[in-house]
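Starting from the given sequences, assemble the full structure and let the hints guide the process.
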Amino acid sequence: MSDEGRRERTFLGDTGAVLKGMATVFKQTFRPDDTEEYPKVIAEIPERAHTGRHLLNRHENGLEKCIGCELCAFACPADAIWVEGEDNDPENPTSPGERYAKDYQINYLRCIMCGLCVEACPTRALTLTSYFEMSYTSREDAILTKEQLLEPPPELGTTPGAKEGL
Amino acid sequence: MDWLDWLLLVARVVIVFFALLISVLLYIWFERKVIADMQTRMGPMRAGPRGLLITLADGIKLFFKEGILPTNADRPVYLIAPVLAMFPGFLAFATIPFGTSITLWGRKLEFQLVDLDIGILWVLAMTSIMVYGVVLAGWSSGSNYPLLGAVRSSAQMISYEVAMGLSLVAVLMYSGHLSFSEIVAAQDRVWNVVPMFPAFVIYLICAIAETNRPPFDLAEAETELVAGFHTEYSGITFAMFFLGEYVATVTVAAIGVTLFLGGWRGPAPDFLPWLWPLLWFLFKVTAVIYVFVLIRATLPRVRYDRLMAFGWKVLIPFGLVWILITGAIVVLPDHLDLDRGTVLTWAAIALGVTLLLSFVPTGRKTHEEATR
Chain R
1 MSDEGRRERT FLGDTGAVLK GMATVFKQTF RPDDTEEYPK VIAEIPERAH
51 TGRHLLNRHE NGLEKCIGCE LCAFACPADA IWVEGEDNDP ENPTSPGERY
101 AKDYQINYLR CIMCGLCVEA CPTRALTLTS YFEMSYTSRE DAILTKEQLL
151 EPPPELGTTP GAKEGL
Chain H
1001 MDWLDWLLLV ARVVIVFFAL LISVLLYIWF ERKVIADMQT RMGPMRAGPR
1051 GLLITLADGI KLFFKEGILP TNADRPVYLI APVLAMFPGF LAFATIPFGT
1101 SITLWGRKLE FQLVDLDIGI LWVLAMTSIM VYGVVLAGWS SGSNYPLLGA
1151 VRSSAQMISY EVAMGLSLVA VLMYSGHLSF SEIVAAQDRV WNVVPMFPAF
1201 VIYLICAIAE TNRPPFDLAE AETELVAGFH TEYSGITFAM FFLGEYVATV
1251 TVAAIGVTLF LGGWRGPAPD FLPWLWPLLW FLFKVTAVIY VFVLIRATLP
1301 RVRYDRLMAF GWKVLIPFGL VWILITGAIV VLPDHLDLDR GTVLTWAAIA
1351 LGVTLLLSFV PTGRKTHEEA TR
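Read top to bottom, the protein sequences are chains R and H.
Counting from 1, one number per residue, gives the positions in the first sequence under my numbering.
Counting from 1001, one number per residue, gives the positions in the second sequence under my numbering.
Some clues are possibly wrong.
Claimed, not checked - Keeping only pairs whose Cα atoms sit at most 20 angstroms apart, straight-line, the calculated EDC-like set for lysine to aspartate or glutamate is:
hint	chain 1	residue 1	chain 2	residue 2
1	R	Lys65	R	Asp87
2	H	Lys1033	R	Asp103
3	H	Lys1033	R	Asp87
4	H	Lys1033	H	Asp1058
5	R	Lys146	R	Glu70
6	H	Lys1033	R	Glu36
7	H	Lys1108	H	Glu1182
8	R	Lys102	R	Glu86
9	H	Lys1108	H	Asp1005
10	R	Lys27	H	Asp1058
11	R	Lys146	R	Asp33
12	R	Lys65	R	Glu119
13	R	Lys65	R	Glu91
14	H	Lys1313	R	Asp14
15	R	Lys146	R	Asp103
16	R	Lys146	R	Asp89
17	R	Lys102	R	Asp87
18	H	Lys1033	R	Glu37
19	R	Lys40	R	Glu133
20	R	Lys65	R	Asp103
21	R	Lys20	H	Asp1037
Treat the hints as calculated values from the structure; they're not laboratory data.
A quick note: this is a predicted structure, and the numbers were derived from the prediction, not measured.
Right, dumping it as structure tokens:
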């Protein structure tokens, strides 16, 4: 570091610098708080902030959008997705087209919420919601099954345990 | 003394003890809230209204945690060290007048547990004993980091005790008393902080160093020494260190208020004459503690060699010079037929000139530049 631009050190100058710093910190007292009391007050999440649990979507006629192609599982860098595809029953199809997902699981102990699976999905079957209250008491509970993923997530703050200790 | 006197004495001791405990609970909450405000956070909010009971909750948690006794620890010393760290703060507070007096059942009760003739010496003795708690804790843990922390801390506390003693000497020379009640009585016109301002600054800095508070918390230095001397302590013994540290902070603030800021003195209305001095005292102590917290929130931890250099090369010489000046202020009026005010004015002018001279660049390299 060059000596250029360095101020001459004096006793009063240094003391003044300390006092100035203290004044700056003191002024911060009057700034509004940036944090909020999370479980009591849940801040509104931006509408398009997709940073939480996945959702398997359906077509308007009730058929599943997922075609069991496993592209999401290939895209997943954390190896969190398990898909087992099968041919549709032509009489009673689960999804439009040839194939559907017989089994679909996401392990939320592995998932890093990167969204690469959503980008990989050719039919927009897989999307992210902004539901982030995912806490589990066992490893098995953290693996969400196809039935669970087809259901839209509950409201924030309604999970049993979220209000604990209030 | 009949039984009522004894009862009142015991009651006063118990009340002061618990008042100090409760003040520590409130003070820790206060500190956390103030620092949170300065960092645009909320701080503790859950236990009690606005998180007021957070310290109580912490205390209960610590009380029920397991107290671990390391295999290498020197058992009796290890267990007695937290006690040694905790009680000096309480004992020192016993001599501080925190109000005037109240008449109950025909007896005049002073708001001061004991009015020792040697008040200041007692305080210095108690702060010295506090060092024992730290040193013994570090040594008896049978582990390296606590030992390092204890060595650092003892060196720091002993060094700063010298400078603190010097600032107290200036005050007692000026007021001519060792007893706290007399010192407060001598401040009825002007608080000591006006004539003794340099001593007040020295005292504040040393008080922070003496109680191991940031920016002088090298004894604990979480990021370097893993909590320093109390690394091995857990549960109730750790709680005692924690309590001792904060009791010491309250006590040190109270001593500063008594010696420099007029103690319980302050303008008061006519009714309830015993209440207002008490409130004034509380207010002043809170103000001093607020300054401690503000300093903590502002300044980063000092490097260890700079801490020692600052103590020995700046504070102690400065304190010695200030004692000389105080001596002159005290003695000169008798010899020169001047009053203290005139001498103080001249002293202030001399100080101002010195400060102005310090603005003149010396052209010499500073220590850091020379050693970089």
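So, going through the hints one by one against the coordinates:
{"no.": "1", "hint": "R/Lys65 <-> R/Asp87", "in the structure": "holds, 14 angstroms"}
{"no.": "2", "hint": "H/Lys1033 <-> R/Asp103", "in the structure": "violated, 51 angstroms"}
{"no.": "3", "hint": "H/Lys1033 <-> R/Asp87", "in the structure": "violated, 62 angstroms"}
{"no.": "4", "hint": "H/Lys1033 <-> H/Asp1058", "in the structure": "holds, 15 angstroms"}
{"no.": "5", "hint": "R/Lys146 <-> R/Glu70", "in the structure": "holds, 14 angstroms"}
{"no.": "6", "hint": "H/Lys1033 <-> R/Glu36", "in the structure": "holds, 14 angstroms"}
{"no.": "7", "hint": "H/Lys1108 <-> H/Glu1182", "in the structure": "holds, 18 angstroms"}
{"no.": "8", "hint": "R/Lys102 <-> R/Glu86", "in the structure": "holds, 6 angstroms"}
{"no.": "9", "hint": "H/Lys1108 <-> H/Asp1005", "in the structure": "holds, 10 angstroms"}
{"no.": "10", "hint": "R/Lys27 <-> H/Asp1058", "in the structure": "violated, 30 angstroms"}
{"no.": "11", "hint": "R/Lys146 <-> R/Asp33", "in the structure": "violated, 41 angstroms"}
{"no.": "12", "hint": "R/Lys65 <-> R/Glu119", "in the structure": "holds, 15 angstroms"}
{"no.": "13", "hint": "R/Lys65 <-> R/Glu91", "in the structure": "holds, 18 angstroms"}
{"no.": "14", "hint": "H/Lys1313 <-> R/Asp14", "in the structure": "holds, 16 angstroms"}
{"no.": "15", "hint": "R/Lys146 <-> R/Asp103", "in the structure": "holds, 6 angstroms"}
{"no.": "16", "hint": "R/Lys146 <-> R/Asp89", "in the structure": "holds, 18 angstroms"}
{"no.": "17", "hint": "R/Lys102 <-> R/Asp87", "in the structure": "holds, 9 angstroms"}
{"no.": "18", "hint": "H/Lys1033 <-> R/Glu37", "in the structure": "holds, 14 angstroms"}
{"no.": "19", "hint": "R/Lys40 <-> R/Glu133", "in the structure": "holds, 14 angstroms"}
{"no.": "20", "hint": "R/Lys65 <-> R/Asp103", "in the structure": "holds, 14 angstroms"}
{"no.": "21", "hint": "R/Lys20 <-> H/Asp1037", "in the structure": "holds, 18 angstroms"}
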